[in-house]
Structure formats: structure tokens, C-alpha cells
Amino acid sequence: MTKTINLTLKIWRQSGPGSKGRLETYIANTISTDMSFLEMLDVVNEQLTLDGKEPIAFDYDCREGICGQCGCVVNGRPHGPENGTTLCQLHMRHFSDGDTIFVEPFRARAFKIVKDLVIDRSPLDKIIQAGGYISASTGGCQDANAILIPQDTAEKAMDAAACIGCGACVAACPNASAMLFVSAKVSHLVLLPQGRPEAAQRVVSMLKTMDELCFGNCSNERECEAECPKEISIINIARMNREYIKAGIASTVQ
Amino acid sequence: MQLNANIPGGPLAQKWDRHRFELKLVNPANKRKFNIIVVGTGLAGGSAAASLAELGYNVKSFCIQDTPRRAHSIAAQGGINAAKNYQNEGDSIWRLFYDTVKGGDFRAREANVYRLAQISNEIIDQCVAQGVPFARDYGGLLANRSFGGAQVSRTFYARGQTGQQLLLGAYSALMRQVAQGRVTMFPRREMLDIVVIDGQARGIIVRNLITGETERHAADAVVMCTGGYGNVFFLSTNAMASNVTAAYRAHKKGALFANPCFTQIHPTCIPVHGTYQSKLTLMSESLRNDGRVWVPLKPGDDRRPGDIPEDERDYYLENKYPSFGNLVPRDVASRNSKEQCDKSKGVGETHLAVYLDFKDAIQRDGRDVIEKKYGNLFQMYEKITAENPYETPMMIYPAVHYTMGGLWVDYNLMSSVPGLFVLGEANFSDHGANRLGASALMQGLADGYFVIPYTIGGYLAGTPLKPVNTDHYEFKDADTAVNEMTRKLLDINGSRTVDDFHRELGMIMWDYCGMARNNDGLAKARGMIQKLREKFWRDVTIPGQGVDFNQSLERAGRVADFLEFAELMILDALERQESCGGHFNEGFQTDENEALRDDDNFCHVSAWEHRGAGEEPVMHKEPLVFENVKLTQRSYK
Ligand SMILES: Cc1cc2nc3c(=O)[nH]c(=O)nc-3n(C[C@H](O)[C@H](O)[C@H](O)COP(=O)(O)OP(=O)(O)OC[C@H]3O[C@@H](n4cnc5c(N)ncnc54)[C@H](O)[C@@H]3O)c2cc1C
Ligand code: FES
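Protein chains in written order, with our numbering: chain A, 133 to 386; chain B, 541 to 1177.
Looking at chain B on its own, in the form it has when it is part of the complex (with noise of 0.2 Å):
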């Protein structure tokens, strides 16, 4: 399989524009004759069916949850990038591109990195004309903050829920376009299958969640907005239906998956607290800015965090990375958080924690500032942890936040699988190895409010397509496999739970998968899998019918698919013989412990293509071409 990632020649700054050009328009009469499905609706989903619809397409918009508001964008708390220089520190377009490309440790595409922070500042017009309540300085103009990976402000924030207000903005455009007619939403359904048809993507099998009943939908192209899969680890900061299934499948059908071992580790998390826990906790990176990190000098030393004399405290980051300080990258922090807890030197009752402390910024600025900007996230630790924060440390300690990899796509957002289009945290397009923190939200507009509508006409008016209906043979057997998947889930009736399953997963990801990595333990947590997964098909039990309003049964596909997922993520993980970004094998690192890329024979995506079951995936390379910025060791010091 040749892959071509379709980037448009000329010089960097100009490709997106000449691109716009050169695609193919569809007139705008036309438009209402093409019908678009677009799954999920978080921001990416969101944004793009109310984008899509506003241009005139018909659009069928799908979800898991009661209400496309409550995708699990809405949890985002620090805020979204943009390059707006607002605050006069030198920022531009250009160091957007470079610090995402640099904070990405050089594994992610050039020219969708450019495009990237090219959009970001219209994003930001966009959501402040729908209403969203970004935070404002006295004057009235837009407020930044800093995050991490950067030496500029240029994060925009709506207190600490800034995801909640950006879906909103999208959310409402939405039913606009739903009162007017252009979209119909399918909320609580559940994408089990694509439909594909003569080699295009032409629908999608749901199961509707609260009737149990599958349903067919067709369309001239599918758009997939399913966000990440980063519940594999069972424990993470992902909401509880976030899922991998709607990508797997795909992936099953076709389309290839692109570095699935690049997951991030987010530093500041409320450490696990015990073994009934359902996820993990947030805490949004923002507080870094006026957070210092630190743990006691001594090894084992138990004492108050205000009986440790601020001698034998070691502010780890701050002397290790002096120029960065406690703004380093995520993968970097989280994994000077393990090793100081490898040291003996983690806090708290498990030993499994740091100390994020808020006393000089209050000391500094008053309680009121540093309540202004962070209360409710303060709150909120207070809530779970009865521990009030203004005046002990915070504990924190790294949690499973965000997945690097996804569906691989062109630079035109299309999978491998032509007319299907994949968006958001799904994709794997921007962030390389590492994500900086705030571009998140920042990609998923940008593909939803500003790629998309794009890229799709130049789809619909260049490929011809077939009208095709839901009585087609495809759609008639993915739906009876759909089915039959069901009735085989419920009828193996064992003796463990689905959530027991899980979390044992969960738990040999995080041991093999997770922070650190070594060959040795990949290749025992590859033979762990198939074992479990096994057992799973065996021994599970899942009570309640499959034509019924049933959680149960929903897990449990979820979990199979993962139970699968998870042996890609590990052969990927293996394949990949350097350190980069959130993959940090143990073997390459640098003397000083940071990860040690080998540009001249992986400095490449890695896409897998299914081959069927029991056997191997085959990976594809797409090398990556730097033109404009020249492969460094990345020093935050």
C-alpha cells in the first residue's frame, strides 16, 4: 500500500491557501444533495456538523451521550492556543508551528503543524462572535496564560472550563442548524461498524442504545469525530464512554492506524486513592503557573509537608530545567515525577504522589488572585480529596490524558478509506509524540470550524459516487455482524464482570505501556493480552438482553475491542526502537535521562494495516520531511 499524505507543494506558509484553491468547490445548489454522517460531538464533531450543515450539506450528527453537550470535550479545563500575540511577547504563527513541532519531538507532519497555528487565530474570532465568555483583563480586551512547553501567553481561558465553553459555542451552533433542518441528531447511539462500498464510505451500523436495536444509515461520506482511546488503561482523566471502538472498527475496515503507542501521560492528576476507583481526576496544567513542584530532599521522609524546612525540599523542575521550570512539557514532568517516586522520594500515603504548592503564589499575589484563576479547580480537589488546598500542598501524580496516535489521514483529514474522514483526538495528525498542552481544543475546532468544510467539497465534487441505499449487501451484513457480536457477548455467560476485565487490563498497560517502556516487558505484556483476552471470551458475564436499554453490553464491546487494541498499541511500542516524545523506552535515553530519538531510522509515522484475525498487522511508513525546521534533542533547560 502506497501511502500519500497529499501534502500540496510550494513553500510552507502558502500551502494551505494554495490548497484551498485547488480544491474542487461543489456549487453551492448542489450542496443539499450530498448527505454527510458525522460521528461524535465534541468539539471536533461539533464544529464540523454545524460547519458543514451552515454550507448547506445534510447532515445526520451522532452520539453516545443523551445530549451532544455532553461530549467529553466539555471536561477540558486550561484553555486553547492560538498565536495571536496579543501580549506582546514575540509570538507569531511561526512559533506556534515551531514549539508544536519541537513540543511533538519532531514525529509529527510539518505542514498540518503550520496550518495548525495558521487557523488558530480565527478560531478564536469564531468562538468569541458565538458568545463563548473567554476571560477579559480590566480593560475589557482577552486575557492569556502560559502553558506548558512555551515561554509566551498565549493560552485563552474561560475560567478553569474552557472546554465546557468552547462545546457550548459549537453545541449551540449545532441546534441552530437543527432547528433550521439541516441536521438530524442521533444522540445515545453507539457507532459499531462502517459501511464500505465499492471502496468508499458510505454509512455507518449504530446501535441505539436506549432500544438495544441496530439501525442503518448511508451517506456520501462519513466523518468520524470519536475522540481518543485513552480508557485502555481502564484508569484515566477520559470520561467513561470515551472509547476506541468507533476508530477500531474502522481500522478493521480499513483504515489504517497511525503511532497508536504514542499516549500522554499527564503530570498533574489526583493520585489513585483505591481499588473501586472509576477515573482519574484532572488537574488542569494551567496550575503549573503558579504551582512550584516539589518533594522532600530525604528519601522516605514522611513528615508534614509544612514541617519540611524549605532546605530539604527539592524543587526537582525548577533546578533541573531552570529556563522552563515547572512550565516543562507534559511528558518531561510526568517522568521526573516517577523517578522521584522511584527514589523513595513520593508523598502521601501511597509514596505514588508530588507536592504541587500554592503557598508563594498566595504569599505573592493573595488568596483572591490565585482563587480568581483557579477556584473551581481548587474546589474541586477539596471535593475528592477533603484536603484544602489554599493551605496544604496539593498531591499530584501522572494519569493517562490524551492519545498522540489515531486513525491515520492525509492532509486532507481523509483516512485510507476514501470519503472517510476522521477529525479530533481520533486522528493522529498534529501533535507527533507529545501534545502541548491547550492545543487540543485548538486542533479539534481547527479541523471541525475550518478544515473540513474544505477539504470535503474538494471530496464530493472530485469523486464520483454511486447512489446506494441501506438494503445494499454491505450494510445488511455489517449489520448482522454487529448482531452477531451481541449475541456472542451474551451468551458466553462466565463468572468475572466486564469492569473486572478491564482494569486488568488497564493495569498491564500501565506497568508495560505506560510511562516508561522496555522490550522486555512489552513483549511479556503482549503474550499477558492475548491471555486475557482469551479469558474474556470465555469467562465473562453480562446480564440484562441485547434489545434493551443495557450499560453492561455496551462495555463489553468496548472492552473487546480494546482487549485488541491494546496488542497494537504494544507491537507498535516495540516496533518503534527509539525514545520520543511520550514513548520512553528505556534502552535510548540520554545520560540525563531524556528521551533519545533516532531520526535516521525512525523518524517516521507508523501506520498498521489490519490483515484479519490471528494475523499480523502490517505497518506502512510515511517518512516525515523537515523542510523548515532543523531535528534538535529537545532541551527544556
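So here's chain A without its partners, still in its complex pose (with noise of 0.2 Å):
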């Protein structure tokens, strides 16, 4: 049945990426736990907008967990307290009346904050451009059949392809790193026969450009794994350090 509940939130606002941002506080009243936290959040714009005050800028899309496009670190967690789960299938179910709930960007070096809790991700595109494809111009392609794989094999790498691209592995990183984000992707190619031709260059250029994109080093925190939303598992990590072993030593043969 549907109950609700009064929170307190202190949200982050800030006017643009040069500016000086800040925590303000604002009293949600009278919330339906059936709402997603993006909901709650389109609640308290409806009455700042009718108060003619600005609204608090998030992204989002699709709302239901796919896009990536959401996100916003909830009590000090990025995508909030509920495991697997990203901020748009949040439900206020997970809060107590009376909490206070601090909503802040996500932050990384190579993120800036465009507005309030809107970031710039477009490195994470940048690494993709570096390598993370198979180079199968249209047309021309044999028969789907014609390669086996192996069930198993292919449910690996949809493990590692189910990556939304929202970058929480970036934000939950202490080092601000996107080791997650690129082995999930070095390893759903490699794991394909498709995707071997290319998989020594591939990770080495990826993980070249993440480094010049100011992404830090993996030290192995494991808070990658822990926050994110798709549950990506850093077994993709191990799996991309052995590719990049492999890679140096194709090269010193040669």
C-alpha cells in the first residue's frame, strides 16, 4: 500500500562549470514511497518552478535503468544505497521519514559539472573512439552461423557488454579511474572470436587514451564493482591486464 514520507535534502547546486557550487537545502513533504528518486526529484522542481525558483538540473532519459544517462551520488554513494540499482529505479521505499538525503554529481577529474548535478562524460566516448569496436564495415558480413561460440562464451560477454556507460565505476574510484568501464569493454570483444583480430591494439590504445584523459590508476579498491549499477564485475579487470600483458609481448616479438 502506498505510504509517504517527509525527507530533508541537501542537493548540490552549482551555475556552470566555472562557478562556485554549493549544498542547499530544500524539505520534500508528503513523498509516495512508489516514487523512483528521479520522481521525488520532479516533485521538488514543480514546486520551485511555481515558487519562480530554478529548478535543480539532473539528466536523465529512459528511466528505467538502461541508458546510463542518469546518476547522482546519494548519501555518498553513487547511484544511492540499493545495490544493482541505478538512481531512476531507486524507489523512496529505501528511505525513512524524517531522513536527510545529501545529492551531489558525480566527481572525477575528467568529469566536469556542467550544471548542478549534469556532468560532461564525453571522455568516456573518447575511450570507445580509441578502440572499443570491431572494425566490420556494412555489408559484405558472412552467415550469423558461421562461428560457433560457445553459450557460455556468450554469456560472458554480455556480461561485460551489459555496461550502460554511466560512469558511477568512475565516481565510486578514490582514484577516479575508468578501468571498469574499459575492461568491460576490451573484454566483451575479446571474449568473441570477432573480436580477436584487433585485441592487442585495442587495449593498448584505450588504455593509452584513459591515461591521457586524466582518469587515475586501478589500486584496487573493488568500489568500482560495489557501485555498479549493472553489478560489472572486476574479473573484466583481470581479464584486460592479462590482454595487456599478452599485447607487450605480441609486440616484443615482433
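Keep in mind the hints are simulated off the structure, nothing from the lab.
Quick reminder that beta carbons are idealized off the backbone N, C-alpha and C, glycines included.
Keep in mind that a hint or two might mislead.
[What the hints assert, rightly or not] Per label pair, the in silico range of CB-to-CB distance:
no.	chain 1	residue 1	chain 2	residue 2	range
1	A	Ile381	B	Glu911	50 to 56 Å
2	A	Asn352	B	Gln720	33 to 39 Å
3	B	Glu1156	A	Glu363	53 to 59 Å
4	B	Arg904	A	Asn352	42 to 48 Å
5	B	Gln720	A	Ala358	34 to 40 Å
6	B	Asp905	A	Lys340	46 to 52 Å
7	B	Asn544	A	Gln333	56 to 62 Å
From these two lone chains plus the hints, build me the complex, please.
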């Protein structure tokens, strides 16, 4: 049955990339526990609008946990307290009446703040541009069933491919590293026979680009795995490291 | 205006080959001299931009989201069709073609649908080559499942995330082209107008959503892949940014809008549960492979589902349609849910829901098997409703999901404005009055990977194009008009929020232009929409500035267009005095309450022309000629 709760929100407000931000306090009363977190913010924004104030800027699109556009740090955790859940899928039933909730943007050296809770994650696209693909131009591909792929392999590739590119792993990492993100793409492609030919070049180039874009290094903190809304495993990082070493060996042999 | 669909001659199966041969080619060395704008990075736009760049064209790609990978296509769950016949069930290009034409209630073009079925197989090959991790059988071959409206398993899938995986495939191809310098990406841009010079589409005006400033972009052709307009209903399964703005503004610049009233209401969505609700969540149609739909036999039976014995349940789809059972097409399934709820047999708190029950499937196959097929969907359901579908049946209700209507295009996917091509859900081309499941992904990728690369070449090679730049007065005028509209919106300073208006519009559309329509209701709705639009322009309030990141302003522009476009939907629904597919006019039904078509008078595409503010739009008919299939009353019994 529907219940309502009253909340105090401390939300990060910042008018632009260069300006100074601060936490502001908002009261959100009679919030239905069936609402999603973003719907709760909608309600706050409707009221702000009617009061003639500027609503809180925050990103979203699908609101069903797949596009990766939403995400803030809620009470210190990217996407909030529930494991395996994006912010848009986090429901208010996980909060209690009288709670104070802190909402801040994902913070990382590589991500600039655009406004309030909205950030610029374009560096993640740049990492993909550095090799997160299989070079198969349109046309002329062989029959889809020509190469058999064991079910188990396909499933593992899918586990890695489930990454939604939200950046929570970067925000969670004390070093603001994008290793989980990069390793998910590397693993997805390298597990499949179609992705093998470019394996060495891909892993080297993607990691190099990651470094250039000011992401930090991995020091095995495992925070990324804990906060990933798609529960992408750090096994992928181990797999990527193996691929990286193999790539090095291959290049010295040549 | 004479509508020419440019359908090639010759036998159906040879039309596409023949047409490709007859289309002029652009010399490979000349391709780099052409600039192409692609708006949208969903399956249609992503695949088009990548493929055109691979051919050597200069491409500019635009999207609303912060990265192309987040286009609404990412949310597609269930799968993509192809006529591979891997399961040896007697599938074929012809059968996929026939099922799609019949599923669309005979309101689509034969030639387009046949081409789609032909291309379907190449799409799967392409996606596998890109590394799309489709589901596989133990032996390593590709797995398939069934979707509504078909009796063969022809749907390829990647768990419940097929759209995501296909889009990431197209996105990775696109990123590869960005890296090679063939595509320039413009994310966080909203197209607010097209620019037509000497009758040809030569560019667009976009608003940079971060700075709020407008930008002008010129090109030799514009390819719009901006998705569907289901959000005219406010609540739908579409992503929040899905809009009609791009299509509608092109419509105002001369592109005809075809069959706007054809909307698809999907039968299996999580029911509405509160007034604050911002969107509805789909539960993939694939669930109907194993889930059984039922309601209590007795109206008003409020017992818990587990307390209702077998013989007091009505598995109404299985009873009414023995040969297709739970897998009838969407329009049929949705209408039947509504009928049950109208008879007071709806379940749950609101009584606007029916059960989708997996008990028998779990008993038969085991929980593991069901979890493997639908695990992420069950999880999503539980997150939203806090109920466990492995133990209690899901509750579902129809919701707006897809729009078959869209900008009118010819066989080349070119709109009535030369040089403006429209792909994917944004065009009207292949699904008639009802789309079959797993066919939108197929169409988006067919259009982008395998149709536009040839047809745009034919246009560019065969059309004299004067050099233009963005100082041209048409660019200036369009730019000024866009900024003028922004200023007007910000100046209203009224007392109601944008969402408040949008929600009210959505209710009108759902009540009068939704699953069932009638002439009186439609006429009434038209008046209501006009009044609401007038109120909007008097009383909406939009905080913030024009030259800033301003999400209220973004939404206001979209709602302003929905408020005009909704009226066009109503007009179209009123004009079509028959029932077909998703357009169910209560005045036209068979004795068994199925849609009753009128092929003598309405076997045509209705293509609407904009005549300026305050003028009645004019309808042009494109007759649909069926040479290969016989028009029959659709039956799924
Ligand atoms: C929840 C859900 C599940 C679905 N599941 C399936 C399925 O299993 N199988 C199936 O076949 N179909 C499915 N569909 C339908 C299918 O996903 C869509 O029809 C299809 O993905 C549309 O693709 P598209 O490329 O045409 O447009 P979209 O993916 O909607 O992309 C539109 C693009 O245009 C951009 N855009 C829009 N307006 C503007 C503008 N004004 N300016 C600039 N850019 C703009 C957007 O940013 C975006 O990049 C599903 C739909 C939904 C809602
Ligand atoms: S809004 Fe798409 S993942 Fe949250």
C-alpha cells in the first residue's frame, strides 16, 4: 500500500562549470514511497518552478535503468544505497520518514560539471573511439551462424557488454579510474572470436587514451564493482590486464 | 500535390535489386565532397551515420543525449526479427513479409515491407560481425524466440537488452568513424528547424542544450532519424526526451505527415500507480511466450491471485484465440485487456490491470530456465513494484509504446521535401496500422545500414545542388524564428508548469484518441486541445534563461509542438472512418469486437499537408495497391 514520507534534501547547486557550487537545503514533504528518486526530484522541481525559483538540473532519459544518463551521488554512494540499481530505478521505499539525503554530482577529474548535478562524460566516448569496436564496415558479412560461439562464452561477453556507460565506477573509485568501464568493453569484444584480430591494439590504445584523459589508475579498491548499477565484475579488469600483458609480449616478439 | 511513392516496377521479389541497379552512383572519389547531416543516433541514425561515413561521405551527427549511445533505442528489450529460418519451422522472406503486412492490418506498402524482409537476414549477419552478443544455444548456434503475430520463432535477442546491444553495435561503428574523422559528433543538440533552400533541404538549426545558443549547419542532404512521438500521451514507454519536435517542424516546412493517428498501445506494461508518475515501463512482449494472461471469471473478485482457483480464472486470450493464444498481435491483446477491465474484471488496487502468470512455466521448465530468459525483466518488475513475479503473477496493463505514423516517405525514404530523408520510427513506412513485435529494431537498422546508403547516393548523384552557406537568408530567418519562439515562451511567465500542461494533454489523448476512439469523443477532444493550447501560451511558466542549460525550456518547446500535433492526430483519426490495427473506432467493429476495415474507402495512406497557422491541413491520399497478398479480415483464432 502507498505510504508517504517527509524528507530534508541537501542538494549540490552550481550554475556552471567555472562557478562555485554549494549544498542547498530543500524540504520534500508527502513523498509517496512508490516514487522513484527522480520522480521525487521532479516533485521538488515543480514546486521550485511555481515558487519562481530555478529547478535543479539533473540528467535522465529512459528512466528504466538502461540508458545510463542518470546518476548522482546519494548519501555518498553513486546511484544511492541499493546495489545493482540506477538512480532512476531507486524507489523512495528505501528511505525513511525524516531522513536527510545528500545529493551531489558524480565527481572525477575527467568529468566536468555542466550545471548542478549534470556532468560531462564525453571522455568515455573518447575511450571508445580509441578502439572500443570491431572494424566491420557495413556489408559483406558472412552468415551469422558461420562461427559457433559456445553459449557460456556468449553469456560472459554479454555480462561485460551490459555496461551502460553511466560513469558510476569512475565516481566510486578513489583514483577516479575508468578501469571497470574500459575492461568491460575490452572483455566483451575479446571474448568473441570476431573481436580477437584487433585485441592487442584495442587494449593498448584504449588504456593509453584513458590515461591521457586524466582518469586515475586502478589500485584494486573494488569500489567500482560495488557501485556498478549493472554489477559488472572486476574479473573484467583481470582479463584486461592479461590482454594488456599479452599485447606487450606480442609487440616485443615482433 | 501529386504523391509519388516511386515504387520500382517488376515482380515484388526483384524490385529492390532492380532499383539498386537503376539508382545512380556517386563516384567513390566524389563522396567526400558531399556533406550529410544525420539527426538522431538511435538504431536508424547511428547505423546510417556510420554506414554513410564508411562510404566516404562527410557526416555530421546530432543527438539530444550527452552521448549517442543513450538514444531511446537503447531501451528495446525483446528482440529483432529476421527470416533466417534457423529453426527449420518453414519461415521465409515471404512469410515475414506476409506476417508484417497482415499484422499491420493491410495498411502498409507491399514493396517496402518486402524489402524489409529481404534485408532482415543481412542485419543479423552485420550485427554478429560487430560483436553483438546474441543469445546462443548450447551448440553455439544463434537462439530464437517467438513474438506476437507470428507462429514461427524468428526473433534474435540478447537477454532482455536487445536494443542496448544493437545500439552499442551501431554506436561503436559510429565511434570508429568519429576517430577516423569522417563523422563529427554534436551531442546535446536539439534540432529546432530544417532549412529549405530552392525547395531542397539544405540544413538545420539546432539549439546547443548546454549553452542555449542556436547553431546553423548546412549540408547537401538531411537525414532525420528522430524517433517516435508517443510522448504526446505524456505517459508512455518512450524515453523522456522522445518528441515530435523535429518531425513536426519539418512538417511545417513542407514534409507531409502520414497516418498520425496510428499509435501502438502495448499490452504488457507496468500499470499506472500515481499522479506523480513520469513514465511507464514496458515488460517485454517476449514474456507472453511463457506467461499466461488471465483475469478472475467473476467481476469484482478481489481475492488474492493465489486464492482464485483454476476454474474461476478466465485465460481469455487462450480461450478466444486458440491458435495464437497469448501471442496474438499487440493491438488485439491490448484491446482485450481493456475489454476485461471494462467488464469490472480488472485486478489490483486500481482495477486497471490483468495478470501475467508464470506459475505454469516455472513448474514446467524450472525457475532457472525462466530466470535465464527473463531474469532482468523480473528484476526490473520487482524494483518498481516491490513484488516478486516468481511467486505472484505480474500485473500488467496496456501503455502507449510506438507510433506507426510518421513523416511520409517514398520508396527511397525521402520525404516530400527533396533532400530530406526520414528513417526509423520517425517515418511511417513499414508497419501499417499496427507494428509486430521485434520489427522496429529490424526496420531501424534496415533503413540505416542497407537502404539509405544506396538511395541517398541516387539523390546526390542525380540532383543539381547549388553551393550554400549558413549566411543564406533562409538560415538567418529560421534561426531568428527559433530564437523568437524561445523568447515568446520565456516571456509568458504564467502560473502552470510545462509538465502540468503536458499531463493534461496526455489525459485527453489517452481518453479520446487511445485504445478505442469514437467520433463524438474525437470531436470533443479537438476542442479541448485547442483550448489547452491557448491556455498554454497564456499561462505556462518557464524559469531560467534562454542562453543557459534549461531543461524546462527544452520541455516547453516539445510540449508546444505536441499541443499542435495532437490536433492533427485527432483530425486523422476522424477522417479515417474505419477501424484498422491500432486505430479502433468503436463505430466500426465486427460482431466479435475486432477491427472492421473498409478497404473500399480507406485502403490508403493519409498524408497531411501543413497550410500555415490557423489553416486546416489538407489530406493527400496515397492509394495502397496490393498485388501479392489478398486483403482479408485478420483472424488469429
Ligand atoms: C521500452 C521499449 C522497448 C522496445 N522493445 C522493442 C523490441 O524488443 N523490438 C523492437 O523491434 N522494437 C522495440 N521497441 C521499439 C524500438 O525500440 C524503437 O521503435 C526504435 O528503437 C526507434 O529507433 P529510432 O532510431 O528510429 O529512434 P530512437 O532510438 O528513438 O532515436 C531517436 C534519436 O533522435 C534524437 N532526436 C530526437 N529528436 C531530436 C531533435 N529534435 N534534435 C536532435 N536529435 C533528436 C535522439 O536524441 C535520438 O538519438 C521498443 C520500444 C520501447 C519504448
Ligand atoms: S534514466 Fe536511463 S538509466 Fe536512469
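Q: List in ascending order the numbers of the hints, as given earlier, that are violated by the structure.
A: 1, 7
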